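Enquirer: Protein chains in written order, with UniProt numbering: chain A, 1 to 420; chain B, 1 to 420; chain C, 1 to 420; chain D, 1 to 420.
Simulated from the structure, these hints should not be mistaken for lab results.
Here the structure is a predicted model, which means the values were calculated and not measured.
Honestly, I wouldn't trust all of these hints.
The list treats identical chains as one, so a pair stands whether inside a single copy or across any two.
[What the hints assert, rightly or not] List time: in silico EDC-like cross-link candidates among lysine to aspartate or glutamate, alpha-carbon distance up to 20 Å: (1) Lys261 x Asp384; (2) Lys214 x Glu39; (3) Lys214 x Glu183; (4) Lys261 x Asp407; (5) Lys2 x Asp67; (6) Lys261 x Asp235; (7) Lys261 x Asp226; (8) Lys2 x Glu31; (9) Lys214 x Asp235; (10) Lys2 x Asp76; (11) Lys2 x Asp357; (12) Lys2 x Glu94; (13) Lys2 x Asp313; (14) Lys2 x Glu25.
There are 4 protein chains.
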Amino acid sequence: MKLAVVGGGSTYTPELIDGFARLRETLPIEELVLVDPAEDRLRLVGGLARRIFARQGHPGTVTTTSDLDAGVAGADAVLLQLRVGGQAARAQDEAWPLECGCVGQETTGAGGLAKALRTVPVVLDIAERVRRAAPDAWIIDFTNPVGIVTRALLQAGHRAVGLCNVAIGFQRRFAGLLGVTPEQVHLDHVGLNHLTWERGVRIGGPEGEDVLPKLLAEHADGIAGDLHLPRAVLDRLGVVPSYYLRYYYAHDEVVREMRTKPSRAAEVAAIEAELLEMYGDETLDEKPELLSRRGGAYYSEAAVALASSLLRDTGDVQVVNTLNNGTLPFLPDDAVIEVPATVDANGTHPLPVPPLDPLFGGLVANVTAYEDLALTAAVHGGRDRVFKALLSHPLVGQYEYAEALTDRLIAHNREHLAWA
Amino acid sequence: MKLAVVGGGSTYTPELIDGFARLRETLPIEELVLVDPAEDRLRLVGGLARRIFARQGHPGTVTTTSDLDAGVAGADAVLLQLRVGGQAARAQDEAWPLECGCVGQETTGAGGLAKALRTVPVVLDIAERVRRAAPDAWIIDFTNPVGIVTRALLQAGHRAVGLCNVAIGFQRRFAGLLGVTPEQVHLDHVGLNHLTWERGVRIGGPEGEDVLPKLLAEHADGIAGDLHLPRAVLDRLGVVPSYYLRYYYAHDEVVREMRTKPSRAAEVAAIEAELLEMYGDETLDEKPELLSRRGGAYYSEAAVALASSLLRDTGDVQVVNTLNNGTLPFLPDDAVIEVPATVDANGTHPLPVPPLDPLFGGLVANVTAYEDLALTAAVHGGRDRVFKALLSHPLVGQYEYAEALTDRLIAHNREHLAWA
Amino acid sequence: MKLAVVGGGSTYTPELIDGFARLRETLPIEELVLVDPAEDRLRLVGGLARRIFARQGHPGTVTTTSDLDAGVAGADAVLLQLRVGGQAARAQDEAWPLECGCVGQETTGAGGLAKALRTVPVVLDIAERVRRAAPDAWIIDFTNPVGIVTRALLQAGHRAVGLCNVAIGFQRRFAGLLGVTPEQVHLDHVGLNHLTWERGVRIGGPEGEDVLPKLLAEHADGIAGDLHLPRAVLDRLGVVPSYYLRYYYAHDEVVREMRTKPSRAAEVAAIEAELLEMYGDETLDEKPELLSRRGGAYYSEAAVALASSLLRDTGDVQVVNTLNNGTLPFLPDDAVIEVPATVDANGTHPLPVPPLDPLFGGLVANVTAYEDLALTAAVHGGRDRVFKALLSHPLVGQYEYAEALTDRLIAHNREHLAWA
Amino acid sequence: MKLAVVGGGSTYTPELIDGFARLRETLPIEELVLVDPAEDRLRLVGGLARRIFARQGHPGTVTTTSDLDAGVAGADAVLLQLRVGGQAARAQDEAWPLECGCVGQETTGAGGLAKALRTVPVVLDIAERVRRAAPDAWIIDFTNPVGIVTRALLQAGHRAVGLCNVAIGFQRRFAGLLGVTPEQVHLDHVGLNHLTWERGVRIGGPEGEDVLPKLLAEHADGIAGDLHLPRAVLDRLGVVPSYYLRYYYAHDEVVREMRTKPSRAAEVAAIEAELLEMYGDETLDEKPELLSRRGGAYYSEAAVALASSLLRDTGDVQVVNTLNNGTLPFLPDDAVIEVPATVDANGTHPLPVPPLDPLFGGLVANVTAYEDLALTAAVHGGRDRVFKALLSHPLVGQYEYAEALTDRLIAHNREHLAWA
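Construct the entire structure; sequences and hints are all you get.
Expert: Right, dumping it as structure tokens:
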């Protein structure tokens, strides 16, 4: 079994490696290839990866390459974890939308659109090269914005599944609160990537007892605290929103915080610099504690589980980003939704979803329309398409801001936009 | 043919009467009953109505009553034009949302919800009494918010059609610009009440040539000026939004204007006081010029046309508020949409609608979800339902504002809310 | 010794009575007259006042009257604690400025100006009647906005001193933290009413050791918490601002809170209703605990101390509102400032004040200019003068808001403004 | 007579040269030295300068140098027109304050402070070198923020006068409207640099008839249009504010415009690039029309007049930035104010100024306090001093924004701040 990780030079990779090592029974990787154009980082990260495998007795090989075609050739699965433009582009995504009074964030709002525009063409190019070099490989996309990127991949006919760590994070958190194992917790998770709600928490599987009311009765304060939302939001909604919903439910508060605090990008950049220095230490042979502060918790568990089910045809249920195909009847079939699905060698098959309260459905429909327009803008380019995507976004919605954000998005991303 | 106008004591009624008089060939009313609990106003308005009929040689009778059941008994059509709480409630709708930084307006946003909550129970009660006193009567609703009120009526099984003057206004305006008669202009009008776009302007009928591109090429500045939107919005959208879309596309600008200007309610109240004084003048036998500044242009033409088609089974096409029933496939069947429909003795039958651009569809879906929740709140009451409707509204959407607006909505409307 | 309390029917009065009873050695009142046009309230409050005096063995008499001239005749001191328009006007002051995005508060910003405009003419009329009925009486003004009201009284040549409980509140709080008696704590308190900073906290008197650095080192978190300001503000300023400075230093945060919370006026009104019910209980003979939640802590101590010093010629130092007369050299001599002053039978004599940091002085100068314009508007009336006062206020400062606030101020206070 | 222009490589210089050429009778320059470290620009600008002198028959020489000491040696006057950090720093000044919801502008608010912090140390260093190389030279400062820079120069004991083109612009504009020559128009101009009002417009001199009421009666619409302020502002104030007052009187409107428009810096940068290309054309021997769109109109006239009066001891009246010395009694003596002054070989001597309406005086006092703190921060550095200056600025004033702006100011200007 061969896996390739595109963007393998990321400081995040040791987290993934640690998961592969710990979970080698679930996913017996024989050959792991880290692919990245940034050779210096790749050398540091690759060295640590090999030391982690060695320490934990993982028998697989770890190689590194900046040659994408060679790296993915013959792979059974290709994991995408890119950041086009790096942390510098992220810092921009977080700053210029604020000039217009809008949230500056790299996966939602105007910043998220910028990231989509930078990323989709690059990912589609990579996927084409994967199709040629490894026609049977599954593409597992962590690259944000996962919903739009996955929709781009599926629309282009790739064997792709989108993956996010929000659901697995809730699963682990709720399991801890309930005193059960994570595997026992099934989430009635529904929505779009970064726009989801947990409508039920079932013990034992999709048909298990729903303990969400009990969970909220006992732990709503703690859960609300995790989400930086007032507890009353949970009480009123009766469900648990993903913390990305905070950008909607508490938009102005978030803008105010962003205006009065240093940016998250600067923080992550500082952590990354420190991590890279650590990785160069030849005696380090485990992921450093500091890595946990970088974000992305449980991604390796989720990736191992997903790859294993796809490659070993397990047919178990996991939360993935996949084609709607009527699951949410008010959305187009070709929309990508984030829901529990059975996963097997044929791909991902959403479980049926009970009707969605209009309180959630209205927003899902609106953001799906945005994602449609965002994808069109990312694939075909053009100022007008960018403008339309921004105007359609519920966090923008106004003519003047859409215009001003369009100008700034293009000005700050010109080098990444072929058409600009 | 007997028509009853509920809310007939409105200062607006002379506009309607004038239309009935002018268009008596189209709608040969024999008996017109103005129904209103406000007997003083009714006396003034009724007197003028009779003088207008007399002057124009209309043979029908005009009577007035504060007894709803008697007034509507045996009517062929009942027109609803209420304002529960009067201009005072409207003034409130326009003020308290501003305290929370939100648009204060009587048909959209939090103010529109307040109006829905006040109005729906009253309208449903009236409709029940109409059903008993005039089982075959058509109910034509002008009462705002027309979309929600019509949905309430249809959900309760009434023979109802919702009517708004936005489409007829565009029809007249475009006809003038194009140098054709209004009857020649067919609008590809689509959306929800007060959330519509003209996607095509066809000459001669639904299959006629679309002259919208030409119209915009020549008159975009003038049309944009009518809508108080920059011309560039029309250029970018390629369609003509209703001026209520300004509350969305230029939300912050509107809030800023509202903050820095006296309220529209005060203006209308002043006009109404002046009108009532005029109506008491026994020598006045036509609608005064001042009435044109009160709003509601062309309502009488639209009402006459609609009543005529329903009662005389004409089968022509008019823009109405009617059940979706799959017309817009991404909305529930029981949503009420505002589109061209053939109108005959069996009611209103929407013409097919080509697929809607996600730029418009996303917003329509979101506002439909709000209208669903608003109707539930109006029918069943309860603070939680009000909160949910507000949270779902694209112009609110945030937790803190939804809470604060809920409190203020209830505090300012307690006397009109049975459950509060 | 005869004291009259104008506005004696206030629910707050029992706090004052309790202080007079406890501190009867300091201020041996023989005759106390509560004056108020609201006879019902006066009866309830007067009854309780007599029972408190009786229970505590105070030998003075308590009488009540709605006849101002009779009530103040021959008084040695007249305390003013009015609220023109009552809690209803206050509720308005807190609401309509928010419509314009401005702080709604009854002593600062546009709401504070409204209160000044309502209050100054009433107070000046009362003072004239005091001058005739009790030419030697001292007028002690608690009525807000104390700075402007006191300036009005002094400008008209009255024997007046303005009093606020901010300084005594800090004195008591700091004494508690330092483990000393309040009398030992001398504050280097400087600024204008509701715009002050504690620049030093001295033990033993104006020349005592300044323990403010120590106090902040040990208790900055607690003090910042009292003020609802981040601790860092205290660290950066090195002084302790009055909590009214929060309207300046955290203006947008306060507006946001006001938008998302019920108003303080509603809360106080509810407390007042409950208090009045309690006061009617003939068995109640002490101030109820609930009164402490109404605001105004330590006012009675401050009033007793001030009246005692004025009437008994003590020459001690107290924080009062008094004529500047060069104390702050960058302000006009006839400005009213709030600083420590020696108080004797000749009135109040400010202690010298060391130069003020421009960080504080700039704001003090700006607000003094506002107070000058506000007083002119209050005395002479006229829309233009109101507009100028609002435009000059640092919390307004913008043309559009000044216009809109002027319109709303006049519309909501027309019955209290003779010229409107 | 020798003049040196520091920052002589500016694209603006040909405007100055054109003025020197036209007004050579007033200011008979024998030797003009353009000093600039940017040798490429200097070459282009110097060439054009020589061609302009030649074409107009000016007998003086024009030389260029990047050696400051040599360039200013023996000069009679040194003009300072620097832009530390160039247009790139300006672009930053205009962007990052917007992230915090504050005006982004290079002379006022947080952007203006950034410019002051970059500029003051450089100017003081230049002035020291001027003092050594040309001890008798007058330093004429156009470099913004002129008020703070001039105060820095005077505080350090330099022979300096600050000059702005706002007053001369009004003088020319009003002269045109009144049909008189500019020399006949005397302005009752008062305030601080970029914070001034024209309180009178006198014909013939400081004692001439005040025609401002007449001017406003006839031309208020046009003047208001120049200032982008509603005419009503002029009506209400009765005076003409400088257009920089718009940042105060229409702050939120300006922020909204800045959010929805491309930046002025980008526009100026584009004009500058085009100008430099033109300057390289050896056939060009006059200032190109495009230069008029760069800003800075009439600066050359003002500079010639000021230099002439200083060097030729004329004793005429001009509007300058000069020491207060009691002219505005509520400001410190060492504040720098912008008022009419007689100018002679001994420097600038302010004319007496009638008392200032508190509507203007309050703001002047507040901004003077800010300028004091800004200068301290510029000279001594340190995060705390920057924070205090920002907190004191009437356009900031709030704790959270002052903190966030301090962080951003330092982050974006680190290379120009020795202490950061």
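Enquirer: With reference to the structure, classify each hint as holding or not holding.
Expert: Results for each hint:
no.	hint	verdict
1	Lys261 x Asp384	between (33 Å within a copy, 17 Å between copies)
2	Lys214 x Glu39	neither (51 Å within a copy, 56 Å between copies)
3	Lys214 x Glu183	within (19 Å within a copy, 56 Å between copies)
4	Lys261 x Asp407	between (25 Å within a copy, 9 Å between copies)
5	Lys2 x Asp67	within (16 Å within a copy, 66 Å between copies)
6	Lys261 x Asp235	between (29 Å within a copy, 18 Å between copies)
7	Lys261 x Asp226	within (19 Å within a copy, 23 Å between copies)
8	Lys2 x Glu31	within (5 Å within a copy, 79 Å between copies)
9	Lys214 x Asp235	within (12 Å within a copy, 44 Å between copies)
10	Lys2 x Asp76	within (5 Å within a copy, 77 Å between copies)
11	Lys2 x Asp357	neither (43 Å within a copy, 43 Å between copies)
12	Lys2 x Glu94	neither (36 Å within a copy, 52 Å between copies)
13	Lys2 x Asp313	within (16 Å within a copy, 72 Å between copies)
14	Lys2 x Glu25	within (15 Å within a copy, 82 Å between copies)
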